[in-house]
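S.K.: Each chain is listed here by its residues.
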Amino acid sequence: MSNVEPLTDDLNPVSPALPQRASLLTAPAEAALFQQLKRNLLTNTLIDALRRSRLRVSLATILTLFLWAGLLVLFYAGFDFLEDAIPEPATHDETVRVVYGIFFASLTVMLVISTAIIVYSGLYCSDEATFLLTTPIRDERVFLHKFQQGMLFSSWGFLLLGSPMLVAYGIVARAPWFYYIALIPFMAAFVYIPGSLGAILCLLVVRYLPKNRMQALMVGAGFAALCGLWLVWSLFASRNSELLTPDWFLEMISRLRSSENRLFPSWWLSTGLLEAARSGWEDESERTALVESVMFLAVTSSNALVLHHLAVWIAGWTYRTGYSGLISEHPTRRKLSVAWMDRAVEWLLRPLNPKLRMLIIKDLRLFRRDPVQWTQFLIFFGLLGLYFLNTRRLSYDVNYTSWVNMISFLNLAVVGLILSTFTTRFIFPMISLEGRRFWILGRLPVGRDMILWSKYLFAAIGSLLPCTTLIVLSDLMLGVSPMIVWIHMLACVLLCSGLSGIAVGLGAKMPDLRDDSPSRIAAGFGGTLNLVLSAAFIVILVLMMTVPCHFYLLSMQQEGQPGMTLNEATQRNWLMAGIAGGCLLGVTATALPMAIGIGAFRKLEA
Amino acid sequence: MIEFRNVSRTYGRKLAVDGLDLTIRDGELFAFLGPNGAGKTTSIKMLVGLLRPSSGELRVCGFDVVKESQQANSLLGYIPDEPYLYDKLSGREFLLFVAGMFGLASRAAEERVTREIARFDLASFVDDLCESYSHGMKQRVALAGALLHDPEVLVLDEPTVGLDPRSVRLIKDLLRARAAAGTTVFMSTHSLAIAEEIADRVGIVHQGRLRFVGTVGELRQQSERMGQASLEQMFLEMTGGLAEGASSALLTPGAGEGQL
Chain C
308 MSNVEPLTDD LNPVSPALPQ RASLLTAPAE AALFQQLKRN LLTNTLIDAL
358 RRSRLRVSLA TILTLFLWAG LLVLFYAGFD FLEDAIPEPA THDETVRVVY
408 GIFFASLTVM LVISTAIIVY SGLYCSDEAT FLLTTPIRDE RVFLHKFQQG
458 MLFSSWGFLL LGSPMLVAYG IVARAPWFYY IALIPFMAAF VYIPGSLGAI
508 LCLLVVRYLP KNRMQALMVG AGFAALCGLW LVWSLFASRN SELLTPDWFL
558 EMISRLRSSE NRLFPSWWLS TGLLEAARSG WEDESERTAL VESVMFLAVT
608 SSNALVLHHL AVWIAGWTYR TGYSGLISEH PTRRKLSVAW MDRAVEWLLR
658 PLNPKLRMLI IKDLRLFRRD PVQWTQFLIF FGLLGLYFLN TRRLSYDVNY
708 TSWVNMISFL NLAVVGLILS TFTTRFIFPM ISLEGRRFWI LGRLPVGRDM
758 ILWSKYLFAA IGSLLPCTTL IVLSDLMLGV SPMIVWIHML ACVLLCSGLS
808 GIAVGLGAKM PDLRDDSPSR IAAGFGGTLN LVLSAAFIVI LVLMMTVPCH
858 FYLLSMQQEG QPGMTLNEAT QRNWLMAGIA GGCLLGVTAT ALPMAIGIGA
908 FRKLEA
Chain H
26 MIEFRNVSRT YGRKLAVDGL DLTIRDGELF AFLGPNGAGK TTSIKMLVGL
76 LRPSSGELRV CGFDVVKESQ QANSLLGYIP DEPYLYDKLS GREFLLFVAG
126 MFGLASRAAE ERVTREIARF DLASFVDDLC ESYSHGMKQR VALAGALLHD
176 PEVLVLDEPT VGLDPRSVRL IKDLLRARAA AGTTVFMSTH SLAIAEEIAD
226 RVGIVHQGRL RFVGTVGELR QQSERMGQAS LEQMFLEMTG GLAEGASSAL
276 LTPGAGEGQL
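Chains C and H supply the protein sequences, listed in that same order. If you read the first sequence in the working numbering, its first letter stands for residue 308, the second for the next number, and so on. If you read the second sequence in the working numbering, its first letter stands for residue 26, the second for the next number, and so on.
In case anyone wonders, no lab produced these hints; they're calculated from the structure. Quantities reported herein were computed from a predicted structural model and do not represent experimental measurements. Hints should not be assumed to be uniformly reliable.
Stated by the list, open to error - In the EDC-like style, the derived pairs of lysine to aspartate or glutamate whose C-alpha atoms are separated by at most 20 Å in a straight line are:
1. 163/H x 599/C
2. 113/H x 434/C
3. 345/C x 152/H
Please model the entire structure based on the sequences and the hints provided.
M.R.: Printed below as a string of structure tokens:
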């Protein structure tokens with residue numbers, strides 16, 4: 308050991324004697340400390356967001372309010388329709404109870420699964436949990452801290468979807484003020500039940516099945532999916548009555564009675580809220596309803612508290628052991644080889660420049676080795692595919708061509724909007740992430756323009772096949788005319804090209820070289836702008852290409868009929884102009900952002 | 026004081042730490058040396074309560090880290106190689122939170138935080154959000170946090186990696202000063218030079234087994250006995266040496282062509 312002069316005298320501890328042993332915090336003191344932490348984090352995050360991302364915050368707030376208001380109007384119309392369609396109070400109440408029951412029962416299953424996944428990631432994969440486990444904080448507190456975060460993440464969707472429905476019912480049912488006040492504790496208590504169950508499930512699976520946790524999760528999710536499919540099948544298979552008739556309502560109610568088990572928290576919630584909606588002080592029945600409502604609130608809250616305490620108790624007993632077991636798993640090393648997919652793509656891209664081809668294959672390899680990317684892609688496009696497959700029923704029930712055409716146009720816009728979320732989340736951050744590895748790419752004998760064109764081709768070609776397949780599926784199921792199918796195919800090609808051009812071009816123009824998280828890059832100003840521009844492009848393109856088509860088809864239907872207002876020749880001209888305008892817009896949305904992006908990327912310093 | 030009593034830890038079939046027996050006294054600065062994958066970080070994770078030993082017993086100031094992890098952690102200050110700070114807290118808020126976790130009352134916490142800000146020269150950035158800090162700044166804030174409660178045992182995992190020479194020097198001085206004041210310091214490092222400069226004793230670990238424990242002087246004597254020209258050669262000999270031909274392959278132009 309060598310003697311070195313200390314850099315500063317301050318390095319010597321205050322007292323040469325060892326300090327007294329630090330005292331351990333009591334549970335209430337820990338709770339207060341973590342509340343202070345959350346307050347600080349929330350305040351700083353809000354101040355920072357308002358200072359740096361005002362556009363994003365404003366946009367998110369406006370869109371959320373817009374969505375909430377839209378859902379409120381939609382649910383109001385639905386409950387109003389129910390009141391008109393079923394004037395008999397007993398059947399009406401039973402119908403609402405069934406609607407509530409099925410809604411909350413589905414949410415229960417979703418909340419159990421989503422909380423289990425979020426709590427798993429918070430407790431076992433986060434740096435914060437690792438840090439807290441090395442401090443003298445009790446394991447139960449660490450669990451509680453991460454569990455509360457997980458609950459917030461998993462239940463905000465329920466609050467956003469559930470609250471307008473419940474408020475809308477209150478307005479239609481002319482519920483007293485007590486109903487609106489009771490909504491908050493009812494919803495809070497309800498979400499804690501599936502949330503706690505999800506957390507308990509997560510703790511026990513990690514503790515006792517650490518090696519098979521993914522299989523356990525898949526089995527659980529598969530079981531839930533099977534239950535969902537069975538429910539859908541039991542509702543819609545061999546329907547005997549005509550859609551939206553009183554007989555249909557009665558048939559649906561009888562089929563949905565399975566969700567009304569009195570041991571389900573969803574039943575306590577729906578019954579409690581329905582009682583609250585008819586409660587009051589005027590007569591005996593209103594007072595009884597009030598008491599019943601309070602009783603169901605007590606049942607829901609007490610169960611929530613019991614499960615919450617059970618989860619905390621199980622965490623104290625299993626968390627640290629489970630954590631230790633999980634991180635001591637020996638990582639499996641996979642020998643990665645060139646997959647058939649890469650070879651197939653390489654063969655298909657033979658006409659391209661070999662360097663360009665290699666860059667595209669590199670991105671494809673990164674995509675298929677990142678389950679976050681392809682599973683989200685698969686889930687969203689899979690769900691859309693399921694929805695489109697089910698639109699066949701609509702074409703039979705609603706025998707009105709204009710509506711069918713309108714739905715096909717909306718489906719086109721939906722495919723575009725889903726694609727835009729993917730280009731924002733995965734394609735836009737690619738340049739920023741590539742910029743961080745620029746010392747590799749920047750020194751290769753590959754032009755910078757080629758790097759951007761490879762990203763564009765990867766995104767455009769990669770999205771073309773799933774999008775056109777979905778659109779053709781939707782059109783075939785709806786049975787629209789061949790002309791619409793061809794126009795949709797063209798629009799789809801333009802959408803894939805334009806959205807890829809916008810994402811790659813803006814990604815190069817506004818790179819975030821400091822961040823290494825693609826989700827944070829996508830959530831920044833550039834990502835938000837990308838999403839807004841993409842949405843505007845989709846709306847304009849779809850309107851330009853589909854509205855003239857719609858009127859042209861109407862004019863063809865009206866031809867020869869008395870009182871016709873649309874001239875076929877004029878509408879044909881509008882149709883041609885719309886298609887030409889759409890093509891021009893698609894090409895501009897591709898070329899302009901790419902030109903701007905290439906210019907900026909050439910100047911980017913490594 | 027730290028006591029490893031025949032501690033082993035497996036990762037699946039792999040034995041990461043094999044029968045580690047080691048006692049580090051109060052006021053001793055112990056450097057744990059070894060190549061990548063030797064078992065250093067596993068030993069540290071067991072010491073701070075993140076990993077449970079597969080067998081054996083581990084005590085910090087007499088507290089069993091498995092059965093009394095809360096008490097053991099209250100006496101520890103731990104700085105991992107990549108310290109965690111809350112991005113959306115300022116350095117000062119983070120330090121106050123850490124002080125709170127170690128049970129310091131608000132007045133005492135304020136005083137200690139002020140003391141550490143001065144000690145680590147944090148004043149110029151301590152009120153900025155941690156997300157804006159460089160690696161060196163984060164390391165200094167983490168060190169300040171680990172020392173707020175004047176721990177009896179200080180555990181550091183590769184504390185000098187990625188730091189500039191001034192910060193490295195600051196850490197070396199600090200560790201010596203803490204050890205002189207009676208704190209037990211347990212540090213893992215790849216650097217033989219740092220261990221040689223500041224450690225009272227070194228432990229060389231390879232493939233989970235402790236190959237050598239003693240002072241740098243004793244290591245040097247053993248090196249001479251074994252006919253090794255330098256401590257580095259001695260270290261390489263104990264930890265498996267360079268793979269045969271690796272040096273020559275790297276140094277000869279074109280030697281590894283087609284393989285690398």
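S.K.: For every hint, state whether the structure bears it out.
M.R.: Checked hints:
Taking the CA atoms of residue 163/H and residue 599/C, the gap is near 56 Å; set against the 20 Å cutoff, the hint is violated. Distance hint between residue 113/H and residue 434/C is fulfilled; the C-alpha atoms sit about 14 Å from each other, no more than 20 Å. Pair hint residue 345/C plus residue 152/H holds up; C-alpha atoms about 18 Å apart against a cutoff of 20 Å.
Consistency note: the structure conflicts with earlier hint 1 alone.
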